[in-house]
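Trainee: Spelled out from the first residue to the last, the chains are:
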Amino acid sequence: MLILQCPYCGIDAEETELAPGGEAHLKRHGPGSSDEDFHDYLFARENPRGVHFERWRHANGCGKWFHAARDTATLEVFGTYPAQTTEPPKEIRDAITARRPGWRWREFS
Amino acid sequence: MSDAVSALKGASFDGLVRVEECGLQGMITLRGDLSNRAVAKAATSVSGQKMPGQNRANVAGESGICWMSPDELLVLVPYSEAGAAVEKMTATLGKVHSLAVNVSDARAVFRLSGPAARDVLAKLCPVDLSPEAFGPGQFRRTRLAQVPAAFWMDDAETFRIVCFRSVAQYVFDLLKAAAHPAAAVGYHTSVGG
Ligand SMILES: [Zn+2]
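Taken in order, these protein sequences are the chains called R and B.
Per my numbering, the first sequence runs over residues 1 to 109.
Per my numbering, the second sequence runs over residues 110 to 302.
Hints in this document: simulated from the structure, not taken from any laboratory.
Please note that a few of the clues may not be correct.
Here are the in silico distance ranges between beta carbons for each label pair [what the hints assert, rightly or not]:
1) Q163/B - F108/R: 27 to 37 Å
2) Q278/B - D40/R: 28 to 38 Å
3) P31/R - H289/B: 36 to 46 Å
4) T16/R - P224/B: 25 to 35 Å
From chain B, some residues computed to sit far from chain R (all C-beta separations above 10 Å) [as the list claims (entries may be wrong)]:
5) N164
6) S172
7) E181
8) K197
9) A200
10) K204
11) V212
12) A291
Built from N, CA and C at the ideal position, the CB exists for glycine as well.
With these hints in hand, go ahead and build the complete structure from the sequences.
Mentor: And the structure:
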């Protein structure tokens, strides 16, 4: 069972109070983009075993979207952070480094 | 004027606790920057209550303010006053980026009262309802089984629960099942107490 702290209301929300929103920090490629970029935007995902960044919504709660950094293999949660960012903030990346030295995820490390 | 009725017309059930549909309750959704003075004044002036902090509610009887999210309040007023309250709030808000809407008829309210109230409600939502973790003054949005809901405590043995009107019967049935006389769990309260 996953428990994530919502960064907006501070509630430690149990998984059934949340709605999953898939992989985080996707760059949208819409009309006018190349077929390859559009394909990757729709279908290409990291799907890692280990450190991962996701979007979640506190659906049965304050209703806000937020980000979570966690390990898909151990379910360890490194932290949660607000939705208004295009990349993981430094304190989240540092928290991951402390537990998983040398981690990489897309262009982040 | 239409003859307004609440979702379950005051239905009630006596089991481990008393479950009552509370009848008509004025409810106004107020969205905006909660640190804005006009937004705060709009809420406090019609409810007569102070602004609540995060995850808290200040409620007295049918009037109050509940913290719903960083940019949303649920303002409670007597049902018959909701229309006038929205007008007054809208005037107070002026040009401030905000929204005040009368949602009274979109919701249903239940009261759960009795020494076993914590045990009954804890069966239905993923929330720590021990007295150390939740008490009067706090406010929680969560789910009751499969539907969204919110609640606060009027006193140490009484919850008031808000849900969408369309699921009022479902929530009443849930609460009745959780409060069935043969379903005591004695976790937060000793059985029979
Ligand atoms: Zn939240």
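Trainee: Does each hint fit the structure? Answer for all of them.
Mentor: Taking the hints in turn, this is what the structure says about them:
Separated by about 30 Å at the C-beta atoms, Q163/B and F108/R satisfy the suggested range of 27 to 37 Å. The supplied range of 28 to 38 Å is broken by Q278/B and D40/R, whose beta-carbon atoms lie about 47 Å from each other. Range check, P31/R to H289/B: Cβ separation about 57 Å, and the 36 to 46 Å hint is violated. Judged by the Cβ atoms, the range 25 to 35 Å given for T16/R and P224/B holds: they are separated by roughly 28 Å.
For N164/B, the non-interface assignment is contradicted: its Cβ lies about 6 Å from the closest Cβ of chain R, within the 10 Å cut-off. The beta carbon of S172/B sits about 23 Å from the closest Cβ of chain R, which is more than 10 Å, so the claim that it is off the interface holds. Distance check for E181/B against chain R: the nearest CB is about 8 Å away, which does not clear 10 Å, and the non-interface claim fails. No Cβ of chain R comes within 10 Å of the Cβ of K197/B; the nearest lies about 26 Å off, and the non-interface call holds.
Interface exclusion of A200/B from chain R stands, the closest Cβ pair being 27 Å apart, more than 10 Å. With 10 Å as the threshold on Cβ separation, the claim that K204/B sits away from chain R holds: the shortest Cβ distance comes to roughly 25 Å. In this structure V212/B is separated from chain R by more than 10 Å, as the shortest Cβ-Cβ distance comes to about 14 Å. With a minimum CB-CB distance of about 26 Å to chain R, A291/B clears the 10 Å threshold, and the non-interface call stands.
Comparing the model with each numbered hint stated earlier shows that hints 2, 3, 5, 7 do not hold.
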